[in-house]
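Once you've looked at the hints, dock chain B against the given chain A.
So the chains spell out like this:
2 protein chains.
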Amino acid sequence: MEEVDHLAHERQTAEFDVEAMKIVWAGSRRTFEIADRMSRLVASDPEFRKDNRNMLGRKVLFRNSLRKAAHAWKRINELRLTEEEAAMLRVFVDEASYVDLHWGMFVPAIKGQGTDEQQKKWLSLAYKLHIIGCYAQTELGHGSNVQGLETTATFDPETDEFIIHSPNLTSSKWWPGGLGKASTHAVVYARLITDGQDYGVHGFIVQLRSLDDHSPLPGITVGDIGMKFGNGAYNTMDNGVLRFDHVRIPRDQMLMRLSKVTREGKYIQSDVPRQLAYGTMVFVRQAIVSDASKALSRAVCIAVRYSAVRRQFGSQDGGPETQVIDYKTQQSRLFPLLASAYAFRFVGNWLKWLYTDVTQKLQAGDFATLPEVHACTAGLKSLTTSVTADGIEECRKLCGGHGYLCSSGLPELFAAYVPSCTYEGDNVVLLLQVARFLMKTVSQLGSGTKPTGAAAYIGKAEYLLQYKCNVRKAEDWLNPSVILEVFEARAVRLAVICAQNISKASNPEEGFSELSADLIEAAIAHCELIIISKFIDKVQEDNEGRGIKEQLQILCNIYALSLLHKHLGDFLTTNCISSKQGALANEQLRALYTQLRPNAVSLVDAFNYTDHYLGSVLGRYDGNVYPNLYEEAWKDPFNDSVVPDGYHEYVRPLLKRELRFSRL
Amino acid sequence: MEEVDHLAHERQTAEFDVEAMKIVWAGSRRTFEIADRMSRLVASDPEFRKDNRNMLGRKVLFRNSLRKAAHAWKRINELRLTEEEAAMLRVFVDEASYVDLHWGMFVPAIKGQGTDEQQKKWLSLAYKLHIIGCYAQTELGHGSNVQGLETTATFDPETDEFIIHSPNLTSSKWWPGGLGKASTHAVVYARLITDGQDYGVHGFIVQLRSLDDHSPLPGITVGDIGMKFGNGAYNTMDNGVLRFDHVRIPRDQMLMRLSKVTREGKYIQSDVPRQLAYGTMVFVRQAIVSDASKALSRAVCIAVRYSAVRRQFGSQDGGPETQVIDYKTQQSRLFPLLASAYAFRFVGNWLKWLYTDVTQKLQAGDFATLPEVHACTAGLKSLTTSVTADGIEECRKLCGGHGYLCSSGLPELFAAYVPSCTYEGDNVVLLLQVARFLMKTVSQLGSGTKPTGAAAYIGKAEYLLQYKCNVRKAEDWLNPSVILEVFEARAVRLAVICAQNISKASNPEEGFSELSADLIEAAIAHCELIIISKFIDKVQEDNEGRGIKEQLQILCNIYALSLLHKHLGDFLTTNCISSKQGALANEQLRALYTQLRPNAVSLVDAFNYTDHYLGSVLGRYDGNVYPNLYEEAWKDPFNDSVVPDGYHEYVRPLLKRELRFSRL
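Chains as they are written, first to last, in numbering that gives the first Met the number 0: chain A, 0 to 663; chain B, 0 to 663.
So here's chain A without its partners, still in its complex pose (with noise of 0.2 Å):
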């Protein structure tokens, strides 16, 4: 096909320079250098090949993933990457499978509770891929609730052995991701029972499957537990059924960095503290959001390409259609989208550099600001894989019927994404936490204990509960200042009202327990306003380029505005606006979206998506959709032949009217 950037005239318009705009997207010019590097390395790579995977069957779908994961463990040494260098390649090959887990999982399992003894027998192994390391923990009955697992890991003394059981149907080990077929190992998490007393959920490491022929051991029961949401998405992944028949492991595999059985059977806690597992969880979390955020922006980019080459009504003497993106429609579902995936980068890179943050005050023994990092991380990860999930499914839609194909890219990006949103703390389960955390902070206001980081705003509860807001004209609320206070305020207040209803209530776990539904809504606004404060500093910090400040502060506004409106009876009922200036706001949002307009196809740009990673003949660079469409459509092994299988038995019969039971 001829080579034409039918985007062009979209690329023409952008006041700002995209180049620049890319490094500020990556974070900094090393990552993004980094990152493109990765990704044409993948992109050019026929092996990566993925255009087909909607089309395999599961077994070969796997098989497939297997051959992949090898192929890029072949290059990752081939190459002598380095490790971020690795993990980036392996984020454009962009397959779940097992090594997201052994990697992502069972590593840093080891690392966080494992002795340092333990570390180097296993690290080694696992290092080296001599060993595949999965997750066991959510079991058919236990997910959130994690101490009701229900697996147990009896010391025997006799043997200096744990012996891992199942001792009923819903203590089956379930979902853990590699466990299913690829895993030779897994971290199994048990309820240590030593001496006759229950402990509690303690991480063990046991060998599932034999290193010479892959057969599981003795005792164990393992399979994959069945086809998932999507076509290819995440049945890519093995994810395992479990279980144990008196499987005995020698004791110094249970991991003993925090607390440890001894030979006589007396179990013992170290001296490290417990809230170093924190850490661990702090930094999953912040990952998940820097995912989320990737996720985000390649529906965004699909869509807001397609939505300016795809026409439709409006016509003039003959002329061209109007493109679908400049209908305010389009644009008032597409835009917050983009700036919400840009709103979301930059609280992904802030999150590193909390997690880096507390990391060493934790290690220095300074535990003090932990429960804020905690519950800010779990509400961001809550937030940001909720507003992806919908946000893909929202740019699906935005690109009409042709959304709804495969070739779009767009539903196995969502079938794909949609486990975020329950993995790693359920997302309501993870916005109580913040909404727990919320009250707390609150009922500590007249103790003189100040709120800190990115709660303390919550000190200046006095203030805020008095504010008001002064907003005159619609060109008032592109003031920063305005913007973040509105938000402090309604944040304050809803989680004021809670508790204030709460100890109206005969016990406070009982009115916690019948307002939680309105202290979601409390958590909601204490997590975008901290979203909202961070694009805020990013806006203000230099950024070099052409238009780049400008372009963010548009993102930004749009960000905050179309917040404010989707809530805006939050505003409204906590008297933080009047509805007046709610309308200004929505007036002040339309003449956003028509300043980012011109910008929309290169701000998408930015995120230097190569097509093989975007994986969407809607959002291919050039704009050349229709016939990639149509190509793409001859390429499905169903058109081999024009007949169909199955003609012959099911439909000649009733055209012919030779179905024998005819009574017509």
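I should point out that these hints are in silico values taken from the structure, not numbers from a laboratory. Honestly, I wouldn't trust all of these hints.
Because identical chains share one entry, a pair is satisfied inside a single copy or across any pair of copies.
Simulated pairs of lysine to aspartate or glutamate, EDC-like, Cα-Cα distance not exceeding 16 Å [unchecked claim]:
(1) K565 with E520
(2) K127 with E82
(3) K265 with D197
(4) K449 with E461
(5) K265 with E32
(6) K49 with D610
(7) K259 with E160
(8) K351 with E520
(9) K259 with E32
(10) K259 with D270
(11) K58 with D639
(12) K58 with D536
(13) K293 with E157
(14) K327 with E508
(15) K58 with D644
(16) K439 with E371
(17) K655 with D212
(18) K503 with E586
Here is chain B on its own, set in the frame of chain A:
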């Protein structure tokens, strides 16, 4: 497995007569009995098994679908089912296939647009399935803008034929269901050109494939457009692509009821009113609303039952944990959807009546109510399908991790359902049509034209603009007339504000376009009001049976008050209610959840769905979830072998350090 009803305790707490509610849900005892009989017929016939659907490759899936369609046809004939029974049977077969389009679009198109003679000829073939037809309207380049279709039908007076042609790539027919592989004929929409003049889009009956061997006829290129969202889902359907290379058809295959071309090539409008065509549109859209209540109620049924089975947290003294349905966060997401399912069911039944009513009026030459009826059905199609699509996904999330498994039935239900938001009118485009109608109605307020039907309340604009809600305590919100007036006031005020803002623009079209996002909100307010008012009517009907009226009242109030909470900004910004009244509504809503709780499982039992139709391990009638979830996993062919295909090539070499390329 033992047959125990794990939900028996839930069923004992019902405060109403479930059997009576089944009749209310069905609409009449007769409809209940037909649905009950047909659903059991399908469920008990192993040929209609569908639990393996998500594990099949596309070709096998499609072959399977052809087999089921033929088997259904066999049973329909053997049992001499009525048209109504046959349609119901197809519903419970629950698999998208060519027959849907044959009966749902091809036949109605000929009925609506064909002359008596054409109907006689073609319908007699179609009714016996001696031809299979589809509806070829949408093209690669045009969906919503039907007038922009590019396929041409040029009359050739020399041969008395039309030449059907695809002049460019974007004119390729794209999406029609049943087109890709199954159909022998299509109603093709093309621009009628005669005597050098373009008369716009008209329908033509075109044979696509040989009735002998099913091969495409000369000049016809036809195929499937490839994989769509989901595993099984809509992939049982052969949505197709079709191109014409100067295909000739006899002149009398133009559908000539509304206009015709004479032997000489003269274009003549018939005296049949063109408005009659809208009757078909009303029919199709009321059917879609009816389907929305079916789809949403299935999802809700699954989520309610599983939420009663699932327990997490809150165990005291070693007792059982709390059922997740007892959490207010779960209730505040789930119960409004349960209420919506009932609301959509009742408004769907009302639309059936409306269709009959408008058809009688049209036949009597009374077109006055048509614009209102058209706006009403367009809006309700949009609102109910959007809420249903989002609601199914919300139900999936409410089932936690297990909802992501195909065996939960929810991924399949979602992926198969979401196209409803796009087909038969994109939901946003439809809401803009409603908004246009509202603006026209408001603009005519002074002129003496009285708004009719579901828009009659706009006639009370003067009163409603003055209206002050007099709620003083939470229970005041239980008064139906309060709810009705508050929602009327909100709808009218949003519409009037839009009209005022439009009038400020330099011209009305520009104003309409600039404010279209606000107009969408006004349209939604109008539609929600209709649904509430029909629900209130239903509650006030003579509902026999113990507790029926009370339960419907609770559901109706939950539906209304949860919408009020969701759109609180609308109500506050238009001064329909005060912040205090909003808080009281929320308080009442929580009380209603508590009232609903003991009836929840029985309220979904009243849908009378078989386990086959639900197709969900989580939603099983007997609540015996865990053992069946476990069994289901092992049925997946992926578990046929413990060592997966690909192990020897791609896993063993890593573990055995045998990768030639390894440099570690």
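Do the hints match the structure? See the list:
For a Cα distance limit of 16 Å, the shortest separation of K565 from E520 qualifies both inside one copy, at 12 Å, and across copies, at 11 Å. In this homomeric assembly, K127 and E82 come within 16 Å of each other (Cα to Cα) only inside a single copy, at 12 Å, whereas the closest approach across copies is 66 Å. Only within a single protomer do K265 and D197 lie at most 16 Å apart by alpha-carbon distance; the minimum there is 12 Å, versus 91 Å between protomers. In the homo-oligomer, the alpha carbons of K449 and E461 lie at most 16 Å apart inside one protomer (13 Å), although the nearest pairing across protomers, at 53 Å, exceeds that limit.
With identical chains, the CA atoms of K265 and E32 are never at most 16 Å apart, being 53 Å at best within one copy and 67 Å at best between copies. Taking identical chains as interchangeable, the C-alpha atoms of K49 and D610 lie at most 16 Å apart only when both belong to the same chain, with a minimum of 11 Å there against 37 Å between chains. Taking CA atoms no more than 16 Å apart as the test, K259 paired with E160 passes inside one copy only; the shortest distance there is 13 Å, against 89 Å between copies. Taking identical chains as interchangeable, the C-alpha atoms of K351 and E520 are never at most 16 Å apart, the minima being 26 Å within one chain and 39 Å between chains.
Neither within a single protomer nor between protomers do K259 and E32 lie at most 16 Å apart by alpha-carbon distance, with minima of 45 Å and 65 Å respectively. Taking the shortest Cα distances, K259 and D270 sit within 16 Å of each other inside one copy (11 Å), while across copies they are farther apart (91 Å). Taking CA atoms no more than 16 Å apart as the test, K58 paired with D639 passes between copies only; the shortest distance there is 10 Å, against 21 Å inside one copy. When the C-alpha separation of K58 and D536 is checked against a cutoff of 16 Å, the pair qualifies neither within a copy, at 48 Å, nor between copies, at 54 Å.
In this assembly of identical chains, K293 and E157 lie within 16 Å of each other by CA distance neither inside one copy nor across copies; the values are 52 Å within and 61 Å between. For a Cα distance limit of 16 Å, the shortest separation of K327 from E508 across copies, 13 Å, qualifies, whereas the shortest one inside one copy, 46 Å, does not. Proximity of K58 and D644 under a CA criterion of 16 Å is satisfied inter-copy only: 7 Å between copies versus 22 Å inside one chain copy. When the C-alpha separation of K439 and E371 is checked against a cutoff of 16 Å, the pair qualifies only within one copy, where the shortest distance is 11 Å, while the shortest distance between copies is 54 Å.
Within a single copy, K655 and D212 get their C-alpha atoms only as close as 55 Å, which misses the 16 Å cut-off; across copies the closest is 10 Å, which meets it. Taking the shortest alpha-carbon separations for K503 and E586, only the inter-copy value of 13 Å comes in at or below 16 Å, while the best intra-copy value is 40 Å.
Of the numbered hints given earlier, the model fails hints 5, 8, 9, 12, 13; all others are met.
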